[in-house]
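Chemist: If you read the protein sequences in the order shown, they are chains A and B. Residues 566 to 738 in the numbering used here are what the first sequence spells out, letter by letter. Residues 4 to 439 in the numbering used here are what the second sequence spells out, letter by letter.
Keep in mind that the hints were calculated from the coordinates and are not lab data. Incorrect hints may have been included.
[Claimed, not checked] One-sided excerpt, in silico: chain A residues whose CB lies under 7 angstroms from chain B: (1) 571; (2) 576; (3) 580; (4) 597; (5) 604; (6) 606; (7) 670; (8) 692.
Virtual Cβ for every residue (Gly too), placed ideally from N, Cα, C.
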Amino acid sequence: MFHRLYDAYHQDVFQFLIYLVKNRTLAEDLAHEVYVRVLRSYDQFAGNSSEKTWLFAIAKNVAIDHFRKQAVRQKHSLDFFDWETEQLHSTTPSPEDVLQASDEFMQVQSALEHCTGDQKMVIIMRYFQDLSIAETAQILDWTEAKVKTTQHRAIKFLRQQLQQVREQEAKWQ
Amino acid sequence: MAMTHNQFDDDQLEHLLNNAPKLSDRRSKEEILNRLLTDARLQDNAHLQGAIQQPIDDEITAQEQQHGNPPQQESTETATKKKVHKWPIFMSVAAVFALTVFTGSTLLNHNDTKIDQANAPETSQYSISPDDHVAKSSINHDKMMESNNIVAEHSRIMSLRSSVYEEDLTDAVVFHIGLANRDKKSVPMTYIIPNERVATDFPKKKPTTLQMYEKYAPQIDEKANGFTNYHPYKGELKEKGDKLVHVLPKKNDYDVASADTKEYLDTLQDTFSDSEYKDVEFENSDGTAYKFSKDEEPSKSMTLTSANHFNYYLYKDENGAEYLSPDTRKTFSTVTEALTVMRNKNDDVYVPVVPENITYSVKEVAEGVIVTFDEPLDLTTMDTVRATQMIEAMMLTAASFEQQIRLDNVVQESWEGFDLKNFLPKPVGANKRYMP
Numbered sequence: 566m567f568h569r570l571y572d573a574y575h576q577d578v579f580q581f582l583i584y585l586v587k588n589r590t591l592a593e594d595l596a597h598e599v600y601v602r603v604l605r606s607y608d609q610f611a612g613n614s615s616e617k618t619w620l621f622a623i624a625k626n627v628a629i630d631h632f633r634k635q636a637v638r639q640k641h642s643l644d645f646f647d648w649e650t651e652q653l654h655s656t657t658p659s660p661e662d663v664l665q666a667s668d669e670f671m672q673v674q675s676a677l678e679h680c681t682g683d684q685k686m687v688i689i690m691r692y693f694q695d696l697s698i699a700e701t702a703q704i705l706d707w708t709e710a711k712v713k714t715t716q717h718r719a720i721k722f723l724r725q726q727l728q729q730v731r732e733q734e735a736k737w738q
Numbered sequence: 004m005a006m007t008h009n010q011f012d013d014d015q016l017e018h019l020l021n022n023a024p025k026l027s028d029r030r031s032k033e034e035i036l037n038r039l040l041t042d043a044r045l046q047d048n049a050h051l052q053g054a055i056q057q058p059i060d061d062e063i064t065a066q067e068q069q070h071g072n073p074p075q076q077e078s079t080e081t082a083t084k085k086k087v088h089k090w091p092i093f094m095s096v097a098a099v100f101a102l103t104v105f106t107g108s109t110l111l112n113h114n115d116t117k118i119d120q121a122n123a124p125e126t127s128q129y130s131i132s133p134d135d136h137v138a139k140s141s142i143n144h145d146k147m148m149e150s151n152n153i154v155a156e157h158s159r160i161m162s163l164r165s166s167v168y169e170e171d172l173t174d175a176v177v178f179h180i181g182l183a184n185r186d187k188k189s190v191p192m193t194y195i196i197p198n199e200r201v202a203t204d205f206p207k208k209k210p211t212t213l214q215m216y217e218k219y220a221p222q223i224d225e226k227a228n229g230f231t232n233y234h235p236y237k238g239e240l241k242e243k244g245d246k247l248v249h250v251l252p253k254k255n256d257y258d259v260a261s262a263d264t265k266e267y268l269d270t271l272q273d274t275f276s277d278s279e280y281k282d283v284e285f286e287n288s289d290g291t292a293y294k295f296s297k298d299e300e301p302s303k304s305m306t307l308t309s310a311n312h313f314n315y316y317l318y319k320d321e322n323g324a325e326y327l328s329p330d331t332r333k334t335f336s337t338v339t340e341a342l343t344v345m346r347n348k349n350d351d352v353y354v355p356v357v358p359e360n361i362t363y364s365v366k367e368v369a370e371g372v373i374v375t376f377d378e379p380l381d382l383t384t385m386d387t388v389r390a391t392q393m394i395e396a397m398m399l400t401a402a403s404f405e406q407q408i409r410l411d412n413v414v415q416e417s418w419e420g421f422d423l424k425n426f427l428p429k430p431v432g433a434n435k436r437y438m439p
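Model the full structure from these sequences, guided by the hints.
Modeler: In structure tokens:
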């Protein structure tokens with residue numbers, strides 16, 4: 566089971582985590598937590614979803630738990646941490662791979678940090694991970710309509726953010 | 004795609020998003036497995052055992068295909084495979100350490116000793132010389148040890164456990180202290196101090212609990228940790244035989260209102276109840292018994308060793324930090340009663356850690372106390388932090404009665420390193436911290 570899941574999805578899950586937390590070591594820690602939960606709960610996997618969406622749902626929960634703990638450490642109350650409305654803000658710099666990416670993509674990364682948690686999650690799943698609307702809905706336990714709406718709002722927000730950056734740049738030139 | 008200063012449109016954005024750089028994990032599958040094998044939470048995990056077995060089988064199969072092994076070798080290989088299947092999990096670390104070099108070399112070397120060399124001439128060319136084997140094994144072993152240390156450190160940081168257990172104290176001691184919070188309550192904290200540090204601070208003789216308090220209490224930055232600046236106590240603390248004496252200043256903050264006195268006495272209990280002192284006496288500077296303003300009579304000594312049995316709830320401070328703490332210091336005469344009412348909310352300060360919808364029965368047996376959930380409890384359906392807090396609060400409640408606890412009818416066999424199939428360890432103290 567481990568080998569099958571690893572061979573099929575490990576790099577996808579890792580990429581999902583590293584784009585969320587923007588830190589390679591932390592992504593490795595979280596990937597470890599994903600496998601711990603997978604190995605401990607595989608017997609309860611009922612097969613109501615595909616293994617892929619089940620695995621990503623666990624990865625999403627592990628990441629949210631991380632952001633929740635980070636919020637507690639930063640003196641926000643657990644009660645008030647709602648990942649959908651809060652920013653899933655990564656305090657660390659982008660991984661070195663991303664630093665080598667284009668300036669435009671760096672701006673996208675930066676703008677993503679200002680999105681709400683649900684928007685950031687949907688953008689990473691839909692675009693970076695190439696997950697379908699149905700898969701994203703299943704992982705997030707949402708309706709497909711909610712995925713579409715959130716994606717639409719995220720795109721609109723990102724476009725506005727990037728437009729502002731462009732206008733700022735134009736002013737300086 | 005170059006970004007121009009034209010209107011930024013959705014197509015440009017989608018293009019950027021669709022062409023995000025691919026980020027990959029540079030670690031090998033073996034490294035990931037190694038780390039999983041050293042995680043206590045996966046001890047005896049059948050899927051993990053299956054995972055480490057598969058590459059060995061694959062390797063053997065590959066070798067068989069590659070070597071075109073003669074029939075007599077097959078029987079030896081089969082025997083070896085069966086032997087590998089019987090490896091218990093504690094051997095798993097060694098098993099994975101072997102995956103790269105060891106599997107090929109050892110199995111073949113193993114065969115070398117058993118197989119008539121004359122009948123298996125081809126085997127030798129695949130064997131690694133003993134020197135190579137030792138050298139590579141040694142390098143792998145060093146890497147493994149290094150990896151284990153890193154993993155242990157990560158596990159410590161990532162662990163959701165909040166209490167201190169005997170296993171935390173292999174080379175350290177605990178220092179208990181009741182810290183005062185904004186609600187004028189004492190929160191029992193358990194600080195871990197390395198033996199080495201205590202030996203340096205007290206080179207001549209094992210310190211008394213009071214000496215430990217005088218040395219380490221001032222080193223805790225209570226304010227920075229969200230507590231009130233309370234320690235060290237004002238006045239003078241001194242030992243008198245097996246008693247502790249607190250000589251209180253004439254004017255002090257411990258005797259302003261009854262809530263202040265209760266807070267003071269609770270912090271004393273949390274700081275000194277697990278000590279060599281049986282009682283604490285309260286005195287004026289002239290040696291007479293101190294009279295608290297709420298009392299008619301001068302104070303009598305307070306017993307520190309009295310069996311005050313509590314149940315544990317969640318306390319959250321204003322910064323969102325969470326602690327497991329006795330619920331309003333309400334005491335219980337039986338562990339069954341204390342555990343049974345843990346779902347009840349009694350005030351606004353302490354929050355029950357057991358969700359309302361989870362019901363259970365409690366049974367006291369010779370070995371300890373058994374909580375049996377009415378419905379199979381799947382901990383993965385709960386928030387992981389909440390699930391761990393519930394388990395630890397029950398463990399602390401049982402420990403308050405000097406009992407160990409077992410949780411029955413839980414779907415998972417282990418959780419956060421706790422073996423749920425058996426009685427759980429008795430925590431040494433709540434709210435683990437490392438002495439700064």
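Chemist: Among all the numbered hints in the text so far, which are the ones the structure does not match?
Modeler: Hints that this structure does not satisfy do not exist here, as all of them hold.
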